[in-house]
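Enquirer: Sequence:
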Amino acid sequence: MTNDTSGEIDRGLKAALGFTIALGIFLIILGGVAIARPFFATVAATLFLGLLLLLNGIFQIIYAFQTNIRGNFWLKFLGGLIYSVGGLLIMFNPLPSLIALTLVVGISILVSSIFQVILAFELRPARHWDWVLLSGILGIILGILIWHQWPENSTWAVGILLGINLIFDGLWIILFSSAARKALREA
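Going by our numbering, the residue at position 170 of the sequence shown is 170; the numbering climbs one at a time, nothing skipped.
A couple of the hints might just be wrong.
[What the hints assert, rightly or not] Between beta-carbon pairs, the in silico distance windows are: (1) Thr67 with Phe39: 26 to 34 Å; (2) Leu184 with Trp150: 22 to 30 Å; (3) Thr155 with Ile62: 48 to 56 Å; (4) Gly32 with Ile114: 23 to 31 Å; (5) Ala22 with Leu75: 24 to 32 Å; (6) Pro125 with Thr67: 15 to 23 Å; (7) Val33 with Glu152: 21 to 29 Å; (8) Leu52 with Trp156: 43 to 51 Å; (9) Phe92 with Arg11: 27 to 35 Å; (10) Phe48 with His148: 50 to 58 Å; (11) His148 with Arg70: 17 to 25 Å; (12) Phe48 with Ser178: 23 to 31 Å; (13) Leu184 with Asn68: 23 to 31 Å; (14) Val111 with Asn68: 20 to 28 Å.
Bear in mind the hints are in silico, worked out from the structure with no lab data behind them. All values derive from a computational prediction rather than experimental measurement. All C-beta atoms, glycine included, are put in the ideal place defined by N, C-alpha and C.
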């Protein structure tokens with residue numbers, strides 16, 4: 001009895017690449033929506049961040065009670081409480097929170113784009129590595145643009161720049177996954 005694990009691996013890899021292509025398409029669509037409605041995308045991102053912080057805080061408080069026997073209850077509880085309060089403050093004051101979020105998004109786009117440029121050079125000479133590089137360079141430029149006009153751009157910058165970043169990320173994911181899928185077919 002022989003196992004044909006290479007066929008199973010190829011099918012699994014093809015399915016994973018299909019998922020990544022679908023993810024790339026979703027990111028492009030999401031980016032287009034963010035660009036079309038930048039204020040709403042910015043507010044939605046702010047509210048989503050507040051919700052994530054609130055949920056994190058709630059789960060940390062639950063964790064503090066469940067692991068009370070191991071000690072450090074008050075440290076765990078206070079950490080969860082701080083996250084919860086921070087999340088609620090953002091959710092109930094989204095417009096003032098936009099200023100801070102704009103700065104955080106600018107830093108995040110800049111730092112992740114620097115890593116993306118590094119990734120591009122690690123992928124070189126793979127097909128479409130240059131799209132990863134272009135996406136990273138554009139992300140670096142977008143991060144710098146956010147800082148340059150901050151805080152005046154806080155009501156629209158996150159939505160537009162996040163939308164642009166999502167579109168380019170979706171594009172390079174599609175191109176790179178398509179090239180990998182093609183290489184699998186040819187192998």
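Enquirer: Tell me the numbers of any earlier hints that the structure contravenes, in ascending order.
Expert: 1, 2, 3, 5, 6, 8, 9, 10, 11, 13 and 14
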